Amino acid sequence: MKKILLTCLMLVFVLYAWAQDRTVSGKVTDADTGGALPGVNVLLKGTGTGVTTDLDGNFKISVPSDGGTLVFTFIGMAAQEVEIGSRSVINVEMETDIQQLSEVVVTALGFEADRDKLGASSSSIDGGAVAESGEKTLLDGLQGKASGVNITSTSGDPGAGGRIVIRGATSITGNLQPLIVIDGVPMYNSSSYGEGSSSVAGVAQQSRLNDINPNDIASVEVLKGASAAAVWGSRAANGVLVITTKKGTAGKKDWSVSVTSRYAVDQINKEVDLQYDYGQGFGGYYDPGFGVNGGNSLSWGDRISDRSGGTDNFITDPNAPGYLGYFESDNSDNLYYAIAPGEVGNVHGGKNDRSVYNPHDAIFQNGLTVFNSIGLQNADENGNVFMSFSNQNQRGIVKANSNYIRNTARLNATRFVTETVTATINANYSNITSDRIQMGSNTSGLLLGALRNPADFNMLDYTGTYYDVNGIPNPDRQRAYRNPLGRRVTSSYDNPLWTVDNNLSSTKVDRVIGKMELQYDPISWLNLTGRVGLDTYYDERNDFINEAAATSPGGFYAKELISETQINADFIARANANITEDITGNFLVGANWNDRKFSNVGSSITNFINTASPPDVGNSPASARGNIGEESHIRSIGYYSTASFGFYDQVFLNASGRLDYFSAFPVENNSFFYPSADVAWQFSKLMPASNLFSFGKLRASYGQVGRAPGAYSTQTFYIGAAYTDGWGQNLDAAQYGGGFRQSSQAGNPDILPEVKTEVEFGVDLRFLNDLMSLSATYYDNTTDNLIVAKELPNSTGFATTIANAAEINNKGIEVELDATVYKSDDLSVNIYGNWFRNRNEVVSIEGTDEISLAGFTGSTSSAVVGEQLGVIYGDRWDRDEAGNFILDENGFPQLAGTPGVLGDPNPDWRAAMGSQLSFKGFSLNVLFEHSQGGEIWNGTKGALAYFGRAGYTDHTVTLTAAQASTLLNYAGATAEDWYGPDFQNSDGSYTVRGYVQDFGDGDVLVDGSAYWSGPFSGFTGPAEQFMEDATFTRLRELTIGYDLSTFDFIDKVGLTGASVDLTGRNLLLWTDYTGVDPNTNLGGATNGLGLDYFNNPSTRSYVVTLNLKF
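Residues -19 to -1, 1 to 1091 in mature numbering (1 follows the signal peptide of the UniProt record, and there is no 0) are what the sequence shown spells out, letter by letter.
If you're looking for bench data, these hints aren't it; they were derived computationally from the structure.
All figures in this text were calculated on a predicted structure; none of them were measured in a lab.
Hints should not be assumed to be uniformly reliable.
[What the hints assert, rightly or not] Between beta-carbon pairs, the in silico distance windows are:
no., residue 1, residue 2, range
1, 346, 780, 40 to 50 Å
2, 724, 594, 35 to 45 Å
3, 740, 95, 20 to 30 Å
4, 827, 870, 35 to 45 Å
5, 670, 52, 15 to 25 Å
6, 777, 861, 39 to 49 Å
7, 905, 724, 55 to 65 Å
8, 802, 580, 49 to 59 Å
9, 669, 560, 24 to 34 Å
10, 740, 780, 37 to 47 Å
11, 95, 507, 15 to 25 Å
For each residue, glycine too, the CB sits at the ideal point set by N, CA and C.
My request is simple: use the sequences and hints to build the entire structure.
Here it is, written out as structure tokens:
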């Protein structure tokens, strides 16, 4: 029996060998460049036999004696079928498939894939579109270019960070920023506050994503759903941005050189609406409060146009009543003396000058940016190299100390070591220095000081010497509207020009991002990849507040060194196989090791000993010194696998799973599994071939991803005692010699990761021989086990504990369109756009209905059960069940006894629409962006209403004699009693600042009393009244370019190409919002949104770009 079986096996082997009796070999090259094409699939049609070309493009394949057909396929190239016949050598030139190139995507692990075979959605952004946008940072260059991606800016300060959210918020207290993967390895996108800022004040911190030179980017892939990002497991809950940098390509010369030079002028995009008719004072009388400690903060003074004009009546005689000395400006030859305030019979006092001053003109200038970048590249049969160097020098729109300088150097090199081994090194170095400006809820804030400044106060003379009544000089004094002679060392609010010169914040960043990778192809169907990546940076910060500053009298200085280091290693095995003639398979298994360290060390001081000393952490009493020390260390190990199957080249199934082990969890419970699957059906392959309808695909996916808690969440630790009230800098006991206390928040050894589960369904269509494409996606994701602070009974000795105690849901629709409307040799017209809508709901929070995320008492961005994350929650009007105001005894609205939801800053939907046109050498690109709905809290407007500077407080009304004696103001007085004869006209009527309104119980007089002490300001009334519609339409980009390559001089000067572009960024903004920008957010990268409180403004830019190629 054994002999019979052995004979049969030998017979089968002989017959098989006889059937495969010859070998065909050849080489595959690129038809455009002539270069070899490694990795091309060569398949014997109708069988499962196939090979791939080696690094030199060569292949060998066994074929039957009677020949057959070879099929050559490669991503980005048009497939070819070649009859073998009797040939033994077949060389093939493959041509670029333009349409197929647009369908190549980069997966979460950095490998290329065919979009048409994927069931999970993603958006591709070409690196050229980012660079050509003219934006200074990568973050801003992504705006409007992908559906489902919402980017909110902190401010227009150079290098300022922002907030990126993909498909809605998936956590209440966790980070909402997507994972950034560059060339296959994760990188940081941190925006740490440190000592110099908080969520409502300080300076705008940078996003580390902006450390990358946009000109180095080849593409950005936005992986939105859980299925597409699942191989990153516990780090993928917010989606993934996959950045691919450029690599060397072959050119006409051994080395190709490209140079980009860009010059940009930036301007303030939108001014805050202010009133310029009434001056500093109170109750209609001029009164700057010269002799009052703290001055007069209000602009409810006299009508400026009613003054006599000419020079003010200064009190210059030392023996005269009211003499207070004088101020001699260092900024001009001006001298300032006290002026008699208004009084009964003379509302203007000694103030005659009718001049008014626009604070925007005083503090802003044209910003300038110069950007230069050079790239060098080369490629041959042995490998490829890309190198780049760039410098960006940006002077901000604030008149001093608002700068951003970024230098970068990059090397990307690939070497074909042998026919089976490929080595790759990518390295990037960035050096960033910047000076940053105070903003937000900050008595030294730029706009806080500028916009509260009365219309009749000239802030340009901001520093000098105050000579007291005895003639004694007091040099280096600040002159501000609440300290108009510099009599006091410290002003209640700093003059913004003095702030710019004296309250300094600088940062210096050194950063290295790199990877080393080896690929080994032991056999044609197997690839082994080893990859090690590093991302490390040091951010040295110096925050200095002058000893005379309002925000920190006595001085404040902090020196910090913030650093993060991430080491990432992957070992990946990939295999492909033709399982049968009609079933293909691709498989991947991998292991990941990741190590992340964070450190912030430094010192801070207050109460300077020597005010003339340069910044020094030793310049304070020992009791006023504090140490800064924070460290964390997280390590994870992950094992992942993917399997992809193709059935009849029509149905494609992809599945993956990742098992994560995280050091943030207890050893006995530190592993978590994240599965995913997606399916794509190219139903168009069942339909007759048609130029009208060229492609159709239905897709569906399911996936789970997670978010691990922060380091040491399982433990209870000790913290420094601190106090904050939301209006200024935090007080830290450690700075005053205080000790530490046990945290009131208990650790939780049973903590679990937050888990997002998502399903999505979509359709991809192409028409007119692929000239038009349309993609639509519906998704539904729920994140449970959300980590929040849960209240504990007092008997536990703790106030809260970290717990998995909430749930959030997102549902949305995304649509993307791209269409070539017309195409000929000379003219092409393309339109593109996206539209998306997300509906978010905080489903549940154990133990409470509201958690504050950012903001102030009375106006916070919060998580509220049943609402979208980030709704504005705070004080509101008291109303009856019908929604009518419940009025006080004088007929005015009043505050409700309990807070509530005031508005939702999340937009109803967002869209972008653009067009690209080229005619011969000319090109035009235009991009509009629209955000519909959503509300923003204009806290700036609320504060300015109190001070009498808000534009809408510029009302003047004439009351009849009868009205003046009967209508009540908020104080319960009539105009006749409140204002007196100075405001009475000859016919008995009264002309006063304000207006008449009926709130439901008859007319009342709304005058200044309703703002400085009544309910109509942000300080004295409900935040509800300062909610505004955040809808906007913006001309995001407009570029006109010309290709100079057709001119004869190009070749004569040794150039291979040249072009010039004129670009406008944010040129037009259509919005009803009265603040600086409806897309601003005081909270920066925090989970809170919709807050505008003296935020620094955004900018519009005019850019000239010259591109040269050698």
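Comparing the hints with the structure gives:
Taking 40 to 50 Å as the suggested C-beta distance range, the pair residue 346 and residue 780 conforms, at roughly 49 Å. About 36 Å separates the C-beta atoms of residue 724 and residue 594, a value consistent with the hinted range of 35 to 45 Å. The hinted window of 20 to 30 Å between residue 740 and residue 95 holds, with their beta carbons roughly 23 Å apart. A hinted range of 35 to 45 Å holds for the C-beta pair residue 827 and residue 870, which are about 43 Å apart.
Checking the proposed 15 to 25 Å range against residue 670 and residue 52 shows it holds: the Cβ atoms sit about 19 Å from each other. Judged by the Cβ atoms, the range 39 to 49 Å given for residue 777 and residue 861 holds: they are separated by roughly 42 Å. Checked against the given bound of 55 to 65 Å, the beta carbons of residue 905 and residue 724, roughly 59 Å apart, stay inside it. For residue 802 paired with residue 580, a C-beta distance near 54 Å keeps the hint of 49 to 59 Å intact.
Look at residue 669 against residue 560: about 29 Å separates their beta carbons, and that is inside 24 to 34 Å. The hinted range of 37 to 47 Å is satisfied by residue 740 and residue 780, whose Cβ atoms lie roughly 38 Å apart. Roughly 20 Å separates the CB atoms of residue 95 and residue 507, a value that falls within the hinted 15 to 25 Å.
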